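Asks: Now for the letters of each chain:
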Amino acid sequence: KQEVTQIPAALSVPEGENLVLNCSFTDSAIYNLQWFRQDPGKGLTSLLLIQSSQREQTSGRLNASLDKSSGRSTLYIAASQPGDSATYLCAVGPSNNNDMRFGAGTRLTVKP
Amino acid sequence: GAGVSQSPRYKVAKRGQDVALRCDPISGHVSLFWYQQALGQGPEFLTYFQNEAQLDKSGLPSDRFFAERPEGSVSTLKIQRTQQEDSAVYLCASSLDGGGGDTEAFFGQGTRLTVV
Numbered sequence: 001k002q003e004v005t006q007i008p009a010a011l012s013v014p015e016g017e018n019l020v021l022n023c024s025f026t027d028s029a030i031y032n033l034q035w036f037r038q039d040p041g042k043g044l045t046s047l048l049l050i051q052s053s054q055r056e057q058t059s060g061r062l063n064a065s066l067d068k069s070s071g072r073s074t075l076y077i078a079a080s081q082p083g084d085s086a087t088y089l090c091a092v093g094p095s096n097n098n099d100m101r102f103g104a105g106t107r108l109t110v111k112p
Numbered sequence: 001g002a003g004v005s006q007s008p009r010y011k012v013a014k015r016g017q018d019v020a021l022r023c024d025p026i027s028g029h030v031s032l033f034w035y036q037q038a039l040g041q042g043p044e045f046l047t048y049f050q051n052e053a054q055l056d057k058s059g060l061p062s063d064r065f066f067a068e069r070p071e072g073s074v075s076t077l078k079i080q081r082t083q084q085e086d087s088a089v090y091l092c093a094s095s096l097d098g099g100g101g102d103t104e105a106f107f108g109q110g111t112r113l114t115v116v
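The listed protein sequences derive, respectively, from chains V and P.
Residues in the first sequence are numbered consecutively from 1, following this note's numbering.
Residues in the second sequence are numbered consecutively from 1, following this note's numbering.
One chain only, chain V, in its complex shape (with noise of 0.2 Å):
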């Protein structure tokens, strides 16, 4: 069963720092990776869907990348505002894509 973990669960940072958001997966057969954001009280928001034939995505201050043989996956955040504080959630979608896996998130605080 694929079991998707991510670190660290709470991350507190200055407004105008680079950050960077851990996602792992145990099973490497994946078809595609998506980070989104979810804000309280809110539904999910996509942000960057990775095919498992990419390695990166970007979209303006965010990138993420993905390295599917060892498992993981990086959201790449550039000078962060308060308004990117949130929860940041990593989803891996198997080959029959029916069974999204979610980590429980990071939860991100920008301080002004």
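By construction, these hints were calculated from the structure, which means they are not laboratory data.
Watch out, some of these pointers could steer you wrong.
Within a straight-line C-alpha distance of at most 27 Å, the following computed BS3-like cross-link-like pairs (lysine-lysine) qualify [what the hints assert, rightly or not]:
(1) K42(V) with K14(P)
(2) K57(P) with K1(V)
(3) K57(P) with K78(P)
(4) K57(P) with K42(V)
(5) K11(P) with K42(V)
(6) K111(V) with K42(V)
(7) K78(P) with K68(V)
Examples of chain V residues toward chain P, derived with CB under 8 Å [stated by the list, open to error]:
(8) V20
(9) K42
(10) S46
(11) L89
(12) M100
(13) G103
(14) A104
Values in this document were obtained by computation on a predicted structure and should not be read as measured data.
Beta carbons are placed, not taken as given, at the ideal position from N, Cα and C, and that holds for glycine.
Chain V is fixed; fit chain P onto it per the hints.
Replies: Below, chain P alone, put in the same frame as chain V:
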């Protein structure tokens, strides 16, 4: 609408009551997923539809949970005889593809169920 819509946003149910949660996916999306999210945890898979066919219900925690998508668009998750451990946020997601994994999943705002 432009996104996935769920209703109600909040539901308080007395223990033993039946509830029905609704999901309107993005128009034209083939795949629809239901997830359960406990406080402080990531979402846990419940069930998956491809059009009107329920292809995977392995995540439903008990036979009190039932989901349907009769016309391949709107879906309803029904919980019978609710119990306190059913209290959670129920998230619905849809994606355009039919299981190929090529497209993103888009989530609704969720329904927060509290069983008292």
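Asks: So, for every hint listed, does it hold in this structure?
Replies: A quick look at each hint next to the structure:
With a C-alpha separation of about 24 Å, the suggested pairing of K42(V) with K14(P) holds against the 27 Å cut-off. Between the alpha carbons of K57(P) and K1(V) the distance comes to roughly 16 Å, so the proposed pair stays at or under 27 Å and holds. Distance restraint check for K57(P) and K78(P): the Cα-Cα separation of roughly 13 Å lies within the 27 Å cut-off, and the hinted pair is therefore satisfied. Distance check on the hinted pair: K57(P) and K42(V) sit about 25 Å apart at the alpha-carbon level, within 27 Å; holds.
As the CA atoms of K11(P) and K42(V) are separated by approximately 15 Å, the hinted pair is consistent with the 27 Å bound. For the proposed pair K111(V) and K42(V), the alpha carbon gap of about 21 Å is at most 27 Å, so the pair holds. The hinted pair formed by K78(P) and K68(V) fails the criterion: a straight-line CA distance of about 37 Å is larger than 27 Å. Because the beta carbon of V20(V) sits about 19 Å from the nearest beta carbon in chain P, more than 8 Å, this interface hint is broken.
About 6 Å separates the beta-carbon of K42(V) from the nearest beta-carbon of chain P, less than 8 Å, and the hint is met. About 5 Å separates the beta-carbon of S46(V) from the nearest beta-carbon of chain P, less than 8 Å, and the hint is met. Given the 8 Å rule on beta carbons, the hint for L89(V) holds: about 6 Å separates it from the nearest Cβ of chain P. A distance limit of 8 Å between C-beta atoms decides the matter here; for M100(V) the minimum to chain P is near 7 Å, and the interface restraint holds.
Proximity of G103(V) to chain P holds as hinted, the smallest CB-CB distance being about 5 Å (cut-off 8 Å). A distance limit of 8 Å between C-beta atoms decides the matter here; for A104(V) the minimum to chain P is near 5 Å, and the interface restraint holds.
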